[in-house]
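Peer 1: Each chain, letter by letter, is given below.
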Amino acid sequence: MTTETIKQEVIELVSELFEDKGFGVDIIEYIDLIDDLGMDSITFISIVVEVEAHFNIEVPDDMLLLENFKCVADIVSVIENELSKKSEGSEVKENVET
Amino acid sequence: MSKLEEMLRYVSEHNEFYKNIIKEYKITDPTDISQYPILTRQKLQENRYNLFSEGAYEKYYMQRLIHFKSSGSSGMPVDIYWDLNDYNESMIETWRLRKRYHNISPISRKISFKYINNEPVSEPKKMHYIKNNEMHICKSCLNEETNAPIICDLINTFSPDWLYIQPSTLNRILDFYEKCNKTPVETIRYIECFGEILTNTLRKRAHKIFGFPITNMYGSTEMNSIAYEVDHNMIISQNVYVEVLTEHGIFDSGEGNAIVTNLCNRAMPLIRYSQGDIITISKKESCNKKTIDINKGRTRDFIRIGNKDFNVSLLILICERTNNAISNIIEEYYFVYHAKSVIVTFHLKLQEQYKAWRTKVISLLREFWILYEMNVELNVVFYNSYYVESYSNKNHLLKIEDN
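Chains as they are written, first to last, in our numbering: chain A, 1 to 98; chain B, 1 to 403.
One or more of the hints may lead you astray.
Restricting the straight-line Cα-Cα distance to at most 25 angstroms, the calculated cross-link-like pairs of lysine-lysine (DSS-like) are [what the hints assert, rightly or not]:
#: 1; chain 1: A; residue 1: LYS21; chain 2: B; residue 2: LYS110
#: 2; chain 1: B; residue 1: LYS289; chain 2: A; residue 2: LYS86
#: 3; chain 1: B; residue 1: LYS110; chain 2: B; residue 2: LYS126
#: 4; chain 1: A; residue 1: LYS21; chain 2: B; residue 2: LYS131
#: 5; chain 1: B; residue 1: LYS99; chain 2: A; residue 2: LYS86
#: 6; chain 1: A; residue 1: LYS70; chain 2: B; residue 2: LYS59
#: 7; chain 1: B; residue 1: LYS99; chain 2: A; residue 2: LYS85
#: 8; chain 1: A; residue 1: LYS21; chain 2: B; residue 2: LYS99
#: 9; chain 1: B; residue 1: LYS3; chain 2: A; residue 2: LYS85
#: 10; chain 1: B; residue 1: LYS355; chain 2: A; residue 2: LYS86
#: 11; chain 1: B; residue 1: LYS131; chain 2: A; residue 2: LYS70
#: 12; chain 1: A; residue 1: LYS70; chain 2: B; residue 2: LYS99
#: 13; chain 1: B; residue 1: LYS131; chain 2: A; residue 2: LYS7
#: 14; chain 1: B; residue 1: LYS125; chain 2: B; residue 2: LYS182
#: 15; chain 1: B; residue 1: LYS179; chain 2: B; residue 2: LYS355
Hints are computed from structural coordinates only; laboratory data are not their basis.
Modelling step: build the complete structure from the supplied sequences, incorporating the hints.
Peer 2: The following block contains the structure:
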C-alpha cells in the first residue's frame, strides 16, 4: 500500500469524523486536528479505532498520544510504521516456516 | 517488562506516596506486586492529593487533569484524576471491543441516563439534553409512569445506535415500551449495562423486546473498564491487573474481594486498590483468557444468619430458578433482609397478565428456599411500580434493614 493511498484513505476517514466542522476534504490534509478542528478524547479515540479497523493494525500504547495524531501526515506515519512491523513479522514467520 | 512491572517501576521512581510505601513495607523488589499493601477506599480519599506523581500536582493546579467523582454507593465517594493521554490509553481497549464486536465507535449515537434534575418534570425539553452525538435523559423522570410515552418518543426520535444504561434503568425503559405498546427504534443495535448486577431475568426480557443480547461491562470510576463481556465471558481488560483477597492471602485466581491495579493512570496511580466487589477470577479455555465472575455483588451484599453467610448471588439463583420454572413471568426483583426479625423478603414484580399466578410463584420460591437450606424465614411481596433507591445513583438488589 503506497503512502499516497494511505493518505487518501486517512483524509476520507478524518473528514467523515469532522464532517460537522465544515472543512473541505482538500483542506483536511493541511490543518492541525487539535488546534484547528478541536480534536478531543472522543474524536481522538474515534480516529484510532477507525484507523485500526480500516488498516487492520493495532496502535501500541506508547503511540496513543494526541500529539502523534495532530495532522494527517502524523497519522499516515503511525499507520506506515505499524504496517511495516506487520509485514516484517509475516516475513519472519515465512522464513521460519520454510 | 510487562505493563504491570512498568507501572510499578514508574511509581517507585516518580511517586512519593509509593516511594514511602516501598520504604515503610521494606519492599525489596519494587516491580513485585506481591510485596505491596492493599490501598483501601478510605486511604485513597485521605491521600488523594498525596497520590499525585511528579508533575501531576502542577497539572491539577492548572486544571489540566480530568476529574471524576464516584457515586459513593459503596459508602464513600472518591475523587480520581487522570492525565488526558493516560485516560485515552485506558479507554481504547473497550472501544476496540465495541468496534470489533458491535461496530460501535465514540461517534455512534448514544443515549445514557443521569440525574439532571432532582425533581421529576413533565416537559420533554426539561427531561433531556443533547451534547455532540449523545442524549442524556433525566433518571428522575423515569419515576413518573405518565412520562412513559414521552421517554419512548425521545428515544425513538433521537434514533440512537446504542444505550449505555444501568440494569434497573433498563428495566424501567422496558416497562415504558410495554406500557405504551411501542417498539424501540430499529437503529438501536447495542445495549451495554454497567454499575449493577445484570440478572438473567433482565437479559431475557431485554432480548425479547430489543431482539439482541445485552452486553455487560464491569468497571468503576477509579479504574474505568475492568472486564468486558465477549461471548458470555467477562474478559479482564488490559487496562488493569486483578487479584482477589481471601482469608488466606492475595491471589491472581479464585474467589475473593477484588484487588485492582490500574496500568494506565500515571498521574494518580492506584496499586492494589480494594474495589469492594466479590469476584471470581478464572481462565476460560473457550477464550484462553482470564475472566471474571461478578455476580456476587459488593462485599456488603452478604447477610450473616447464625454462623452462615448468605450472599446476594444465592438469593438471585433462587429467584432465577423460580423464574425459569414459570416461563419468566417475574420481570424484576430485589431483596430486603430485616436483621432484627431475621426475615428475608423477596419483592417481585410479575408481568401484568400473570398476577393470578402469585400463589404459584410463592409456592415455587418456598420449594427452592428449602432446597438451598435457607434456615431463615422467607416473606414474599409483590409490587407494581419501579424500584427506586432514593439519593443513590444505583439500585442494589439486596437491602439490609434493621427493623
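Peer 1: Hint by hint, note whether the structure agrees.
Peer 2: Evaluated hints:
1. A/LYS21 to B/LYS110: Since the Cα atoms of A/LYS21 and B/LYS110 sit roughly 20 angstroms apart, the hinted pair holds (cutoff 25 angstroms).
2. B/LYS289 to A/LYS86: OK: B/LYS289 and A/LYS86 at ~23 angstroms, within 25 angstroms.
3. B/LYS110 to B/LYS126: This hinted pair holds, its Cα atoms lying about 18 angstroms apart.
4. A/LYS21 to B/LYS131: 15 angstroms, holds
5. B/LYS99 to A/LYS86: 21 angstroms, holds
6. A/LYS70 to B/LYS59: 21 angstroms, holds
7. B/LYS99 to A/LYS85: 23 angstroms, holds
8. A/LYS21 to B/LYS99: 24 angstroms, holds
9. B/LYS3 to A/LYS85: 20 angstroms, holds
10. B/LYS355 to A/LYS86: 61 angstroms, violated
11. B/LYS131 to A/LYS70: With a Cα-Cα distance of about 24 angstroms, the restraint between B/LYS131 and A/LYS70 holds, given a limit of 25 angstroms.
12. A/LYS70 to B/LYS99: Holds, at about 23 angstroms.
13. B/LYS131 to A/LYS7: Violated - the C-alpha atoms of A/LYS7 and B/LYS131 are around 31 angstroms apart, more than 25 angstroms.
14. B/LYS125 to B/LYS182: 21 angstroms, holds
15. B/LYS179 to B/LYS355: 16 angstroms, holds
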